[in-house]
Amino acid sequence: MTQHDPALLSAALAGAEQALNQAILLAPHSHQELDAVSGTLFGIEVTTLDLTVYIEMVTGTDVRLMAHCERETDAFVRGTLEDFAALATSNDPAATLINSGIELEGSSASLITLQQVVARIEIDWEAPLVDILGDVAGHQIAEGLRRFFRWGEGARASLKRQVSEYLLEEGRLTPPKPELEHFYDAVQSVAMRVDRAQNQVEKLLAKAAARGTSQ
Amino acid sequence: MNDEATSNADRDDTTDFGYTRVDPEAKAGMVRGVFDSVASRYDLMNDLMSGGVHRLWKRFTIELSAARPGQTILDIAGGTGDLAARFSRLVGPEGKVILADINAAMLEVGRDRLIDKGATGNIEVVQADAQALPFKDNSVDCITIAFGLRNVTDKALALRSMLRVLRPGGRLLVLEFSKPTSALLGKVYDQYSFQILPAMGRLIAQDADSYRYLAESIRKHPDQETLLGMMEDAGFGECRYHNMTGGVVALHQGFKP
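Chains H and L, in that order, give the protein sequences.
Each residue of the first sequence is one higher than the one before, starting from 48 at the first, in the numbering used here.
Each residue of the second sequence is one higher than the one before, starting from 2 at the first, in the numbering used here.
Simulated from the structure, these hints should not be mistaken for laboratory data.
Keep in mind that this is a model prediction, so the values were computed, not measured.
Glycine residues also receive a C-beta, built at the ideal position from the N, C-alpha and C atoms.
Be a bit skeptical, because a hint or two may be false.
[Said to hold, decoys possible] Okay, the calculated beta carbon distance ranges per label pair:
| hint | chain 1 | residue 1 | chain 2 | residue 2 | range |
| --- | --- | --- | --- | --- | --- |
| 1 | L | P169 | H | K207 | 36 to 42 Å |
| 2 | H | E92 | L | R42 | 38 to 44 Å |
| 3 | H | G148 | L | L204 | 51 to 57 Å |
| 4 | L | A29 | H | D182 | 55 to 61 Å |
| 5 | H | A142 | L | R42 | 53 to 59 Å |
| 6 | H | A141 | L | I116 | 48 to 54 Å |
| 7 | H | R203 | L | L186 | 39 to 45 Å |
| 8 | L | L186 | H | I188 | 43 to 49 Å |
| 9 | L | R203 | H | H76 | 51 to 57 Å |
Chain L with its partners taken away, still in its complex shape (with noise of 0.2 Å):
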């Protein structure tokens, strides 16, 4: 399906906005029109929606991270901070913990969300388009991007993008849903997806368009494998990834050679 939609780009140049094909300067747009519609109630809905899993997700996720007190972390399409807020205690005051997402919505939710949790002093919080960081090379120790990388328009060029701001020895860590890995749980998961989550939206946020989107962006996004591949191509060593929750979610890791 990937690669039939990466030929389908390469034949029209649109890109995938959902199952809808867009032009690929539009997409930034209208992935920011989701957003804008759902910060105010992002968190809430990712605790109704996953049952509170993600949080499990992320707290892996910052094991996996290894952080350590002094470094630099970058937290891509960081949007609410919960992962900045984690990052900000174990690098310590003499790290640097940098939150970025292209959506203002999003991040004026994270920032007031990080002072009222206390989070100041060592975060910065910057509007950042993945696929060109506004950051100097090899200048971070690890970055993270949960639930984000779907709605880049061009991953590739965001991955490069990453390679690049990494110290060598950094780490990019890339939380995102995936394709389960049983036929059973895969069917039971598009029930779920396409009846359940667009139905919430409604009732929650008074949105179902936007969580039909994110449903169908999950389809769209690339499996396991395939974005193992990418990592690779794009430079990053050592690439491996951790099916979390029967492969709903997985974790990517690879390394600045």
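So that you can see chain H by itself, here it is in the shape it has in the complex (with noise of 0.2 Å):
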């Protein structure tokens, strides 16, 4: 009766929320920040794919994903699957939120300091590795994987940079930005002036018709 199946569902949010709690786990600054948000119930509903899935943080450490759940939620969004991915990668989320067709109901104040907190999160891979393969080799690896993120990070910016300039400068595909603006600019002054000549042919033409009555 429902349109996905639900063991399909269950288990792809099954994985995400081991995910989610064992990356929890591995963040120990966060438990705090996390805490402050428990008991929050947070819907998100992905229009184009019909899948709303439900988040419960239901402690500082532990967070349940859910397919379906009666309780009111704190915060709801709704939005179709482009909207949600621009917002995941978008570099100012709260302006994109504002811009894009999300719709938010309930309290924006706790989700945006969900996305704060997650947004900050900190996985510390030394700790579990350490305990399974001691201190010496547990630290090179998670030395090794901090290189290897930091350097995804940097591999990720530069790539951005790089594509940015190819379209900008030598596929000359897309506009500089400050051109862009000012032409937007110039096409909003240009809307504005023909409403204002609009507004003065409007005045002059009821002139007109007045005096055309009184004579």
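Taking the hints as your guide, dock the two standalone chains into a single complex.
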């Protein structure tokens, strides 16, 4: 009777929940911050997939993902897959949230708190590795992982910059941001002038009509 | 097939035990024999037989229960206690979970597992027959029965007993094997049930007959719509079901008006 097979969705959510809780467990600094939103229930509806997922912050170290929930949510966001993808990859999530087609119901404060905590989560790989492999090997592998992630971050930023430069400078496929902003300003200025001119024409026509009737 | 089975039962006063017709008085004892035999390896076999998917079916059952702190949950045929352990966390110290099963061997395994998991304090373990539940009227917020109803001799009687125990507004969740929605999946499932399942039972639990009974009892169990009708006949309202894994399993839900 449901459109999605609940078992498939449960599998996806169980995997994501386990990964999320494991990540939180390895980020001890975030526990206290997540405690601040414990007991909060968030709902996310992806309209293009006809999919709703609920996120319950049970405690600072326990997040529960559900496909079905009958409790009232503290915050509920609804949007298309493209909207959420844009939000996830945006450099300015607040601006993207305002300008996108995402609808928000309930408390935005708890949602922003959660977004900030998630953005600040720093996973400490060293503790579990040291537990399993011992101090020396665990520390070396954790250092390697840290270097790899730093390199990944750098590579991602560099790739983004280079793609942007290629599109602007080499391919000349997109206009530079200041040029585009100047163009928008000019369009807006023309639109305002046209509005003013239209108002003046309407006033003159009204005056002419008044004179015609008085004679 | 189910109508035929019912009419057979009416005619000769026998009931199904897998594909065999037996005296209703004898069925409970025979089912007990099956579960006595598989109790110690029940969870391992469930994992092997379903590829771990039974955990996902149960996960969705727990979500649909909407269990809240302070509630009383009755898990009938709760066997090895995997649902009860999750419910214990959800209802908290002010709530209560009753793990009930007709089979003492399964309950013993379940009780030991719960103690090992630290799930104690708000769990009661009760040996009970689903057809005559030994609980007060209107005393339970939610009843779950996972892969147990097909082993009950008189399902209608059991459903009426559950309705009596539920509080008004309380819900019943029946998780049970059902009829695959696709003919192709049905054929694959038949091959699996009657060829691979007993072989796995022989290999892991040294008991092919018990696992053959499990496969046969699944085929004799009412399909989705028949069970829905039985729940409505028993007096449940707002009845509906969710097919899972292509209808191999269905989760039926009904509320006490």
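Hints, one by one, checked against the model:
1. P169/L with K207/H: 36 to 42 Å: violated (59 Å)
2. E92/H with R42/L: 38 to 44 Å: For R42/L against E92/H, whose Cβ atoms are near 42 Å apart, the range 38 to 44 Å holds.
3. G148/H with L204/L: 51 to 57 Å: Holds, since G148/H and L204/L (Cβ atoms, about 55 Å apart) stay within the stated range.
4. A29/L with D182/H: 55 to 61 Å: holds (60 Å)
5. A142/H with R42/L: 53 to 59 Å: About 58 Å separates the Cβ atoms of A142/H and R42/L, which means 53 to 59 Å holds.
6. A141/H with I116/L: 48 to 54 Å: holds (50 Å)
7. R203/H with L186/L: 39 to 45 Å: Given a distance of about 43 Å, which is inside 39 to 45 Å, the answer is holds.
8. L186/L with I188/H: 43 to 49 Å: holds (45 Å)
9. R203/L with H76/H: 51 to 57 Å: holds (53 Å)
Violation of the numbered hints given earlier is confined to hint 1; every other hint is satisfied by the structure.
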